[in-house]
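Peer 1: The residues making up each chain are set out below.
Number of protein chains: 2
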Amino acid sequence: MTRQELIQIIRERKSFLCVGLDTDIEKIPAHLKTYDDPVFEFNRRIIDATKEYCVAYKLNTAFFESQGDRGWRTMKKTFDYIGDSHFTIADAKRGDIGNTCDMYAKAFFKEMKVDSITLAPYMGRDSVDPFLKYENKWSIVLGLTSNPSAVDFQFEKDAGGTELYKKVIATAATWGNMENTMFVVGATKAEMLAEIRKIIPDHFLLVPGVGAQGGSLSEVVKYGKNKDIGLLVNSSRGIIYASNGEDFEEKARFEAKKMAIEMAGLLT
Amino acid sequence: MTRQELIQIIRERKSFLCVGLDTDIEKIPAHLKTYDDPVFEFNRRIIDATKEYCVAYKLNTAFFESQGDRGWRTMKKTFDYIGDSHFTIADAKRGDIGNTCDMYAKAFFKEMKVDSITLAPYMGRDSVDPFLKYENKWSIVLGLTSNPSAVDFQFEKDAGGTELYKKVIATAATWGNMENTMFVVGATKAEMLAEIRKIIPDHFLLVPGVGAQGGSLSEVVKYGKNKDIGLLVNSSRGIIYASNGEDFEEKARFEAKKMAIEMAGLLT
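Chains as they are written, first to last, in the numbering used here: chain A, 1 to 268; chain B, 269 to 536.
FYI, nobody ran anything at the bench for these hints, they're computed from the structure.
Please note that a few of the clues may not be correct.
Rough simulated footprint, nothing fancy, chain A against chain B, three-plus residues with beta-carbon under 8 angstroms [unchecked claim]:
| id | segment |
| --- | --- |
| 1 | 304-311 |
| 2 | 340-347 |
| 3 | 365-373 |
| 4 | 383-390 |
| 5 | 402-416 |
| 6 | 461-475 |
A virtual CB, placed ideally from N, CA and C, is assigned to each residue, including glycine.
Chain A with its partners taken away, still in its complex shape (with noise of 0.2 angstroms):
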C-alpha cells in the first residue's frame, strides 16, 4: 500500500485505528476452541466486527510462533483473509546483518505479503536496508517504545544531551523517505510526541499503547498528528479481549467503533 492510498482509507474512514491481533489461544473464549483453527477462527470474527471503523491490522508474530509451523499458517492465512482493504503490519521486531535481514524481508514481503514489518535499529542500517529495496513495502522502525524497561537504553545520553531515540529516529530517517519508512513511538509519552515531530515531521508514526496501557489518545493527537494526519494508533487487548464470552464480536465491534468516534471527532 503506498502513502497516498493510506491516506485516503483514513481520510474515508475517519479512523487511525489498527487493531492489533495478539491472539492468545489461551485467551480466546470457549465456544472457539472446537473449530480446526481456533485462533484464525477467532481472527476473522475479529476482523468481521472491527474493519469498518479500523484502517490497519497488526499481527504480533510471536502469539504465532508460540504455536509452532501450525501458528505460522494461520499468520498467513489471516493477512490473507485481510486482504488488500487494510494497511498490514507484521510486528516481528526483526533486525539482523544484510544477507539475513534479505531473508526476513523474503518471509514477510514476499511469503506473507504483508504491507510493512517493524524492526529493531541496534544493528544499524544493514539491518533495515535490504526492506526498504521492496517497492510499496514499509519498515516501521522502533524508535521510544511504550514499555517501562524502555528508559535502560533508549534514554541514554550522548555528550551533547541527545536521547538515544532521538538519534535512531533521525538517522533511520535519512535511510528511507517518508513513502516506506514509519517509526514505533509509544504513547505513554505523549508529550515526547512533540520532540519526535521536530525530527519527522512528515512520516507516519505506528503509535502503540493507547487505551489499556494508558495513553490518552487526544494527546497523541495533539502532539503527533500533521497535515496528511500521520498517525496509526494501535490497540490490542482492549478491543480483542473486551469480552471472552459469546458477545466477543459485538463487544470488540462496541471497542473499535469507539474509538474510531473518537477519532473521526479529534480529526474535525
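Start from chain A and add chain B according to the hints.
Peer 2: The following block gives chain B in isolation, referenced to the frame of chain A:
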C-alpha cells in the same frame, strides 16, 4: 544445557566451534533438490559431517522463515535431529515487551526446545527477563555485532565517553548471570574483546564473523578466552558452503576439522 555441561563438551572435544546453519535453499547442492525437504536433508548431512568437531549449532531463523510454515517445520526437525549432544542456538534476535517475549520464550524454549536464543537489547530488560525464567536455558544478548553498520548506534558515547555496546553489556549482565546469559561479540573487532572481558570476565561470548568475514581465530582466543574458555566461535558459510557439489559433506567436514584442530592448538 548447563554451563558446566557446555564447558565439559568443549574440553572433551577440544573445540569451541559453533556451526551456523544459515541454509539458503538457493545455495544447496543440486542433487539434494529431489528430496521432500531439501533443506533438512542438507542440514542433516552437514550435522553428520561436522558433529565430532563442534560443540554447538546455530540456526538462523530468517532462512527458515523465508520458506513459510514449511521452513518452520524444517527448523524444528533440524533442532530435533541435533538433540542433546550439542548446544543449540536459535539465532532469532527477538526483542519485545514482556507479554510478547513470554510468547517468544514459549516458541523457542518449549516448542522448538533449543538451549538458547539471541536477543536484541533496544527495548531493555523487559525484553530479556521472560527468557531468564526458564531453567538451563540461555539468553544471548547482542553486544557488539560484526556488521559494518554496527557503528551507527553501538558506538554512541555517553557524556562520560562510554560506548552504548559497553553499557548494554554491563547492564544486561546484571539481569541474569553467567549461567543463563551470553553475549554476541563480533570477531571483526577482536581487540575489543579485551575491553569487553574487563566488564564480563566470566560470561560466555558467542563470536560470529571468524573466517569468511575476516576475524582471526587466534586473536579471538588471545583477547577473549577466559578460565573456562568462555567462547563459542561461529562459522556458517565457510563450512556449509565449502562446496556446492556432491562433495559438500566431505568439504564441510574438512573445514570444520581444520577449525577444530586450530582451536585445539590454541587451547593448549
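Peer 1: Of all the hints given earlier, name the ones this structure violates by number, lowest first.
Peer 2: 1 and 6
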